[in-house]
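Undergrad: Residues per chain, in single letters:
There are 6 protein chains.
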Amino acid sequence: MRNVVVTGIPRADLARIDTLAAYGVATVHEALGRTGYLGPGLRPAWPGARTGGNAVTVLCWPGDNLMIHVAVEQCREGDLLVVTTTSPSTDGMFGELLATALRRRGVRGAVIDAGVRDVAELREMGFPAWSAAVSAQGTVKATPGAVNVPITIGGQLVRPGDTILADDDGVLVCPRADLERGIAASAARTEKEAAARAAFLAGELGLDRYGLRERLPGLGVTYEEYDGG
Amino acid sequence: MRNVVVTGIPRADLARIDTLAAYGVATVHEALGRTGYLGPGLRPAWPGARTGGNAVTVLCWPGDNLMIHVAVEQCREGDLLVVTTTSPSTDGMFGELLATALRRRGVRGAVIDAGVRDVAELREMGFPAWSAAVSAQGTVKATPGAVNVPITIGGQLVRPGDTILADDDGVLVCPRADLERGIAASAARTEKEAAARAAFLAGELGLDRYGLRERLPGLGVTYEEYDGG
Amino acid sequence: MRNVVVTGIPRADLARIDTLAAYGVATVHEALGRTGYLGPGLRPAWPGARTGGNAVTVLCWPGDNLMIHVAVEQCREGDLLVVTTTSPSTDGMFGELLATALRRRGVRGAVIDAGVRDVAELREMGFPAWSAAVSAQGTVKATPGAVNVPITIGGQLVRPGDTILADDDGVLVCPRADLERGIAASAARTEKEAAARAAFLAGELGLDRYGLRERLPGLGVTYEEYDGG
Amino acid sequence: MRNVVVTGIPRADLARIDTLAAYGVATVHEALGRTGYLGPGLRPAWPGARTGGNAVTVLCWPGDNLMIHVAVEQCREGDLLVVTTTSPSTDGMFGELLATALRRRGVRGAVIDAGVRDVAELREMGFPAWSAAVSAQGTVKATPGAVNVPITIGGQLVRPGDTILADDDGVLVCPRADLERGIAASAARTEKEAAARAAFLAGELGLDRYGLRERLPGLGVTYEEYDGG
Amino acid sequence: MRNVVVTGIPRADLARIDTLAAYGVATVHEALGRTGYLGPGLRPAWPGARTGGNAVTVLCWPGDNLMIHVAVEQCREGDLLVVTTTSPSTDGMFGELLATALRRRGVRGAVIDAGVRDVAELREMGFPAWSAAVSAQGTVKATPGAVNVPITIGGQLVRPGDTILADDDGVLVCPRADLERGIAASAARTEKEAAARAAFLAGELGLDRYGLRERLPGLGVTYEEYDGG
Amino acid sequence: MRNVVVTGIPRADLARIDTLAAYGVATVHEALGRTGYLGPGLRPAWPGARTGGNAVTVLCWPGDNLMIHVAVEQCREGDLLVVTTTSPSTDGMFGELLATALRRRGVRGAVIDAGVRDVAELREMGFPAWSAAVSAQGTVKATPGAVNVPITIGGQLVRPGDTILADDDGVLVCPRADLERGIAASAARTEKEAAARAAFLAGELGLDRYGLRERLPGLGVTYEEYDGG
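Residue numbers (my numbering), protein chains in the order written: chain A, 102 to 330; chain B, 102 to 330; chain C, 102 to 330; chain D, 102 to 330; chain E, 102 to 330; chain F, 102 to 330.
Honestly, I wouldn't trust all of these hints.
DSSO-like, lysine-lysine: derived pairs with alpha carbons at most 27 Å apart [unchecked claim]:
id : chain 1 : residue 1 : chain 2 : residue 2
1  : C       : K293      : A       : K242
2  : B       : K242      : F       : K293
3  : F       : K242      : E       : K242
4  : B       : K293      : C       : K293
5  : E       : K293      : D       : K242
It should be emphasised that the hints constitute simulated quantities derived from the structure, not laboratory data.
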């Protein structure tokens, strides 16, 4: 691991990120071709938040949040802090004080692939955080890591400046280069979903709407009357 | 696995199911002789719901929700959709659009032994869902499975038309043949619990009420004064 | 395992415990030197509670809550029941009836390193519980264990009469002998945190405040301009 | 749970079971249509064994092996003991003494969906066992369960007298009624595998042999030259 | 956590430890009253070893093996190194070089409640190690911990100088004060097991030998003829 | 996910890979600066193998091994097949037939971040495989994925043509561009380890050799005589 802090990362336009974020994680995930989801392991510290921002990435040693402190300085308006560790950890490396420092800089939330603490205070502040665990276990500031290097969470690559979306369904990364494509595809997807919703409310079945019924025989699916089995 | 859709499954009377469901999962579980609980792995997508219904069962391939679409057509008023996969999966195979289609048919909720998504929308709709995970990760519609065949979740066998109960404590299956016995036993259990509650409020101990105190010596339990250990 | 019930355990002053508890689990954990946290595995059955009390400890056989019933008699005003099992278990060994019996005796909450049930009822009662699982699966009363012996949860030793704190961040044990030190250190820590909060709101960085910036070169951390990597 | 011991269960012919077992778990699983596998959680206590037999099923309370002792009496030549617990458990409920008792009765092995112990002794005896854990943690004999009732492991239903196969790939259940179909289908599958093996050794590709290549374009799979990405 | 290295710990006589170790982990665990087992999470790095020794305990920060290096100096002939971390970790904090240093001092093996590496080399050296994981992931030497303080693994308290046994069934701690009682009880248990083994080989059933048969009716266990269910 | 098969990927010289592989996973991991380890979740199907090769990467849908068949054609002498799935899966997507096809093409082994089967046959063939699970559960060939795109396993990015090393300690990726640096650093590391080994055998302590002793006071580590605690 190179112990480097990368400065001057590119960022996307916040208005465009807000446009994308409004579609929600699940819709954008579909619109992008079912890619970029950081996995079911990241859960919101409190329910109901939905946000988006530019990723400032952090790679920490387990049990050590030194590099989060280094990263704060690299954050600006509209960023989302995205942190992982070199080995899996549940330690509470992020809490209310860091949230205060981040909010002062206009940061919109934190994604911690480890533990967060001060959950009651974060909820009260309205500062959204997604994490792999809630843990009061504190961390040290002894071992170096990196800021704004590519990291991976849930099998997805997150580069600094990528667009991050997060809501009650979890966290999604959209590569910066795919932002406009993501917005267009999400708009199309939303329109398609609205039409499906209306059709379902009118009683149509997905079986017919998605052309599945005629594929069933080819897949060997048969229908049988219940005989008590 | 036989790729079959079984039609015309038997169902229990909804009024009787409602009677059973009102007792709650934990009480009915005890009343049935501590059996039928689908395990602590299934959690509500949002807290506070309690429901019951007739099981429409679905067996899907991991990462594939084709058979849920097939199953919608088999659902009717008062059903609960109960889905598992042939191998463990956390993928988000159920969300708001399917919930809309199910609600249109009078379905009361979904039990997904995999992932659900659109959690915020499900909460807003008031459509209850229990699942093993929350995940935005989408699924394909490529591989066949089965509808209304016996499936197992949490080591319990669920047959189509069995009675399903679900609340904040999780999900329970009551075999259709046991429904009346379940109601009677739950009523008796509830009466017994009410008496215990009153006794506990009056200061009686379970130790005495359940006849445990006299069994302790036989089990080798002794009392000792604290000596600083 | 000795099958013993220890009576007459020492307890700390409740007013002092309340003073400590008001600082919250995360702060006291730091104040004590990052020790005593029972781990991220224990989660509140419902959010928002914060409490503290004297530990009455219980060691049960998996799937068996006999000794909880034995322990109720040992509880008094201001206690917290702390239960573990000889092997990991998720079974619902604690619910509304036991909570009723405990509340009658002035017990403030329960910490169950296994499963709880009747979550909706506990929330309604306002009886706080922390547990490793929510499960309706019931238990028997057949196998002996121990009450008020030292137990361990999450790698931490809990002795009868130790001070237990619990909130949305989890559960902490403070040895009885450390209570006054914990209060003093927590007060100091809180003051320090308040100063840090004010500084962060004023724009200071942890990097500077904690003297981290000057240590970075010695740790090999370098700064680089983003070059598209 | 009904606390019952079912006697006089049906069994399949051992010679036919041996015929099936010789094909191995993975092949028979495919031959049966990808069903009956008890999951990756069951691992051999020592490598290299392959066996098959008639299932004697046992349902135990966690931490309690009373019903295994009851089941021994129900075992006879060519049986395999198949044990699960009402809740997940890793406790060592089976070891060398029980293996000795079973061997005396001609039992061929044990499948324990919990823990086994005396691993070195089992290996030395050549008594094969598959389990979810290795644990020295002992169990009590206090709580009843059932013998020779249907149980489920890894989502598969195992009925008394079903055919069980086990080798280094894990454990498979073949319903007794499917034994002859399983043998025939396994023979066909083995022949097909032998032909595929020969073809692969001769350089043919599965892509061609299984007709996959022509399906790729329809699935949207394209080929691109590497460009450094 | 106090960052302390405790010197001059007490140790038990090695000949007596060898006597105890010869009984094996499972037998001693039973003899001691089913206590002291460090859990199924600790597995041997290579199969077949059985050893015992005096515990030198180490408490490390996750991802950091500084205190193991400190502990080496505290080790002497007949010791077993027993290491845990303040938070769960799988990092490879122990390997062939440390094993070489320990062997030089007469240490008999290592128990690492985290990861080990150089598994092939440890096997070749014949140096036994039990661990929670195998991992090549290296550690730093930056954060302090403690040596020869009480630690807990798998819910069991291990004090410096306690007797540690380990074999293919896992690891056991026997408090130093219980060593002679453990030897006596293990001898008795072994005799009892030998008698049971002989009886089982002669066809007796545990059901009769342990007096279980007559308890079954009181537990509600009934016998039924198979009726196809 | 783009459904693409990338052809003509770059590869490193096999002699140089063999040179690197001879150092072993743990040593190279350290030499590269503690990076590239694919995590403790990947274990060898049978012990004792050590190999290295050029990565051919595969991204599959869970429960589907279509793209492995596509990838075989892209493999050549000295490659290692490296497979992951879009969601976690334990299904047995690789076995003896695919190993036969790969061996025919000179492939040296397989790394499957999911399940393998035919473990006994793979051991007999001497074809090494590392996997997250052993499972007989078969897969379908219905859903597209990608071959020779960057994938991530255990938080590490693996690009097609990267150097893969694997032995009993797990699997390591060395970016192609770092191969020569890795060889040089591993040689240096091995020399350093040999010197340390010799020193340890001569009785020197790591505490002195690594200059740790003088850092202990600054870290607050103190020494105390045992006082019975």
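Undergrad: Now, for every hint given, state plainly whether the structure supports it.
TA: Verification of the supplied hints:
| no. | hint | result |
| --- | --- | --- |
| 1 | K293/C x K242/A | 17 Å, holds |
| 2 | K242/B x K293/F | 56 Å, violated |
| 3 | K242/F x K242/E | 48 Å, violated |
| 4 | K293/B x K293/C | 54 Å, violated |
| 5 | K293/E x K242/D | 17 Å, holds |
Comparing the model with each numbered hint stated earlier shows that hints 2, 3, 4 do not hold.
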